[in-house]
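Asks: The hints should help you fit chains H and L onto chain V, whose structure is shown.
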Amino acid sequence: MEPDSKLILKKIEAVLFYLSEPISHKRLSEILDINMENLKIHIEELKKIFVDRGVSLIDFKEEIFLTTSRETSDCIDLLIQDEQKRDIGKAGIETLSIIAYKGNVTRKEIEYIRGVNSQFALRGLLIRGLIDKKSAPYDERAMVYSITTEALMHLGIKNIEELPEYDTVNKQLDVSNIEDKDHE
Amino acid sequence: MEPDSKLILKKIEAVLFYLSEPISHKRLSEILDINMENLKIHIEELKKIFVDRGVSLIDFKEEIFLTTSRETSDCIDLLIQDEQKRDIGKAGIETLSIIAYKGNVTRKEIEYIRGVNSQFALRGLLIRGLIDKKSAPYDERAMVYSITTEALMHLGIKNIEELPEYDTVNKQLDVSNIEDKDHE
Amino acid sequence: MNTDSYTVKTGVFEGPLDTLLSLIEKRKLFINDISLAQVADDYIAYIKSIEDFPIADSAHFILIASTLVLIKSKSLLPNLSLSEEEEKSIDDLEARLVEYQKYKKLSENLYKIFGKSSLYMRMPSKNTKILFVPDDRISIARIYDNIRRIIIEIPKVENIPKTLVQKVVSLEDMIEDLTERISRNFKMSFKDFSGMGKKEKVSVIVSFLAMLELVKQGIIQVKQENNWDDIEIETNTVSIPRY
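Residue numbers (my numbering), protein chains in the order written: chain V, 1 to 184; chain H, 1 to 184; chain L, 1 to 243.
Bear in mind the hints are in silico, worked out from the structure with no lab data behind them. Among these hints, one or two may not hold up.
Unchecked claim - The calculated lysine-lysine pairs, modelled on PhoX-like cross-linking and capped at a C-alpha distance of 25 Å, are:
#1 LYS10/V x LYS47/V
#2 LYS102/H x LYS74/L
#3 LYS112/L x LYS85/H
Unchecked claim - Negatives, chain H to chain L, calculated, CB over 10 Å:
#4 LYS26
#5 MET36
#6 LEU46
#7 THR106
#8 TYR138
Ideal Cβ placement from N, Cα and C applies to all residues, glycine included.
With the rest of the complex left out, here is chain V:
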């Protein structure tokens, strides 16, 4: 295979891997900047690589995506159960505490308060339904996190104001104008 062709294959694989959802042939051809005909040739080539593997390539109705293969499904089920059974960990409880007391809080604020990256902690809490994520009331594009009603019920309270010393703690968590502080 020509080197160029090899790179196209790699790029298709990378895009499919990165996106966790189906992508249309058309959009894929735009991203790779190649024509549809050329794309289809490469898709057929890529299918050969994904035979008898832990990940399968599905090409259906002009849409294409990667998914875990059938034989591994019991293992993935185990993984999902394990994800949900595990201790939420130090990062998880810290992040949850901040979200509980602060209410509608951005990832940036959480990370500023904790002083560490909290991407995976947030993801873990989301998957378990302890927190949810929505657009901020003040800005459509900003995403804010808050504790779910189910989580509050689990804690035996109806709203966050019932948390111990809610008012004081909420004020102490104020980190507005954090931009200015983050330089040397």
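Replies: Showing chains H and L alone in chain V's frame:
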């Protein structure tokens, strides 16, 4: 390869694909219900599959995960459009370099080399997830910083040895040792 | 200059080692006592030009300035004997500069590849089934304990130690003090002026620095008869110009 072994490989691949975040060797061995020794054999086997592909396997600090390969980054950049990606200050990149090349290093050592207070540079790197902080192996109370997989990914490398001039620098570092850190 | 080159934003404050290294590199010199003696004046001029010292770093700046003064005075007064400790601080400064230069170069190379051809993890799936599965270890008490601890650890900007600065004697004050005392006594010894033996080492060094500054400006002359002898300071003019 035995059919059983083939299935283990598929399962590892599926788990890594599904999780989309690093998983420790230990947890992976539990989910697959195989011992660590057996797991490591299979990880090595799997690495061979992921040579020269659109997806790379990274095995760093006893954690493993899949990422897109560096040759495909322009395509993924198109999907992400993260303008802040290269946004790291002089203090940030200097501090990151010291941590990357020296490995487990204390704040004091970093400040001795840079000659300036590095508190905020360290915080910025921690928040971005480019470094992490833990107790030193030699002393519980001493905190040391080290580079994360996230940082490797940013630099487009799969392991620390791929850092520019890593070998040369490390040889020099073995010779020079900083005495009298306290005379500052 | 292309946009990818490594540049320092204007107005960004540089540290003492960085400043010193730039001065040496600007003259295309290697790091050694000769080049350090050559750039000592530039470095001191730089310190004097900065109005807002970052509090946390000013002590570092002055300490490095003192070492530079030692190096320079040794080059000006070859008879001058330095104590073992002083010799060591000179060696240390050279070693630190070499070390810093190495990391600075490495960081420039790292910057070239930073974020250039990144590897990416898979995007988290949007269709992940969300099941409410609390961890039984989550309780109000645990949340409260955690938040109390977190609040204590939120960085307070004003925590930067100010005490460091109080210990450091300002160069300007020293020069003024020296000028005044010289015009009063006409002839005095460096030992008397600096309070050697009584004051902290930093203060002695800053005095020396001030003295050299005055020599350079032609206000005073210094004389040292023999090694280890005290240094005599004399004024050239009776009226001391203000500067």
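Asks: Where does the structure disagree with the numbered hints, that is, which hint numbers, in rising order?
Replies: Violated hint: only 2; rest satisfied.
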